[in-house]
Amino acid sequence: MKAPRIARSGDRYPQQIDRAPSTLLAGAVPWLSVMLASAAPGWAFIASAPIVPPLGLMVLLGWRLLRPGLLPLWAGLPLGLFDDLYSGQPLGSAILLWSLAMIVLEIVETRFPWRNFLQDWMAAAGLLSAAIFFGTVFANLTGGSTRLSVMNPQLLIAVLGYPVIGRLVAVLDRFRLLNVRVLG
Amino acid sequence: MAPPTNRRPGFSRRAQYSLFTGYIVAIVGAGLGAVLLIVTALSPHAFASVRGAASDATSPAAAATAQARGAGQGLFAIVAGYIAAGSQNAQLRHEAEIARVRLAEAAAVSDENRRLKATLALMDEEPRPVAAARLIGSTANSSRRFATLSVGSDRGVAVGMPVRAPLGLIGRVLEVGHRTARVLLITDTESVVPVRRAADGVAAFAQGRADGSVQIRLISLGVNPLKRGDVMVTSGSGGLYRPDIAVAVVASLTRDGAVARVLSDPAASDLVVVDPMWQPPSDVPVPVPTKAKR
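Top line first, the protein sequences correspond to chains A and B.
Quick note on our numbering: the first sequence kicks off at 1 and runs consecutively.
Quick note on our numbering: the second sequence kicks off at 1 and runs consecutively.
Simulated from the structure, these hints should not be mistaken for lab results.
Even glycine gets a Cβ: it sits at the ideal position worked out from N, Cα and C.
Check each hint, because a few of them may be wrong.
Unchecked claim - Reference listing, derived: stretches of chain B covered by chain A, where coverage requires no fewer than 3 residues with Cβ under 8 Å from a Cβ of chain A: (1) 93–105; (2) 140–152; (3) 205–217.
So that you can see chain A by itself, here it is in the shape it has in the complex (with noise of 0.2 Å):
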């Protein structure tokens, strides 16, 4: 066990004597928060048409490109599973588009070490962009036969709005390792 450290000034994450981040907190948050974004969207609106954007992968990506290595590279595979069992799409199609963005990201993130935000923004955007095209041609092959722009002001919404989110899991990532009270 490690020594308790002295808390500075400044110091966003101060350890006290019986304070210490929780890994269950640690370790859930991500994973659940992916989760709650790909469900309860669905429970929030009663959309009439598509134009809510795929907030599950969003959280993802915001995730993946903050913390890389947080989530396994096979994240995709369950939570993607989950998001198919809520989203109307046919199922197979978060997995297969969640755990190839996954992939493309590492990548990326081999290519390119070193990044801005502005970078990760643009990998969001590119990934966002295909998810939502190739939903659409999936959801179009079992079924429906939806036309493309249909899916345009989602598709805004989704790259526009993902600085928010990272926002929204820069603070979920604090909140992640926020010290808990440590009994005995």
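On the provided structure of chain A, position chain B as indicated by the hints.
Just chain B now, kept in the frame of chain A:
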């Protein structure tokens, strides 16, 4: 941002293997997704029970959110109401007077209708609704338009039953879970509703366009008789939806039909009613061509 330092596994065999396994599982995951997609494409309702169980599991949270949503909408309506209160009051008073007259006329017509039906010995069949329920969710970002209903097979809801709100048709039940059901909204591109113009019975189909409107396709092509503001109601053909449920109002004309706005916005429909199927598929009589008597 600086690249993370913990990416390299170093000499640790365990770290190397776990990194390698991560890649393998991710690629296998993508392949699994593709396989599931193909299965879904071949039989669209293959995973209905899984989806039903999933939406059953979250139905308490969804129902709580639905109530909050209803309250929130009420609040917005009240605030918006104050802004235009004066002119709206006068206008509504005027409309209420007209409506009172119309109501009396409608009551007379309905009375006459009943008498005529009695003379023809026709049964007045108003179907008893299967269940009253709440829409507790919908697909938010998918191009497919589904909603989740707060009742399922425990209340006798079955696949194919029409769902309507006081203002008009919402859709039909597509998949049934134990406590929830998935509704195919009439704005989904897969939904086709046989409709007719309320005024004179021009027959058409209403197909969803996935953006809150429906495409009205006329059955008999020719000069487009539709006009803006025409109300389309279900025609009852096909046996799924009973006749005369309001569906949509024509918003703009196209070459061979019209684009119509759906009357019952599912977002504004708090409570909905599940009706029994008008005529179950097995009971639909095959129309026999008969010679008209003269």
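To see whether the hints hold, each was checked on the structure:
1. With a cut-off of 8 Å between beta carbons, the segment 93–105 of chain B has 0 residues touching chain A; three or more are needed, and the interface restraint is violated.
2. Coverage of the segment 140–152 of chain B by chain A holds in this model, with 9 residues showing a Cβ closer than 8 Å to a Cβ of that chain against a need of three.
3. Check result for the segment 205–217 of chain B against chain A: holds, 4 residues qualifying (beta carbon to beta carbon below 8 Å, three or more required).
In this structure, only the earlier hint numbered 1 is contradicted, and the remaining ones agree with it.
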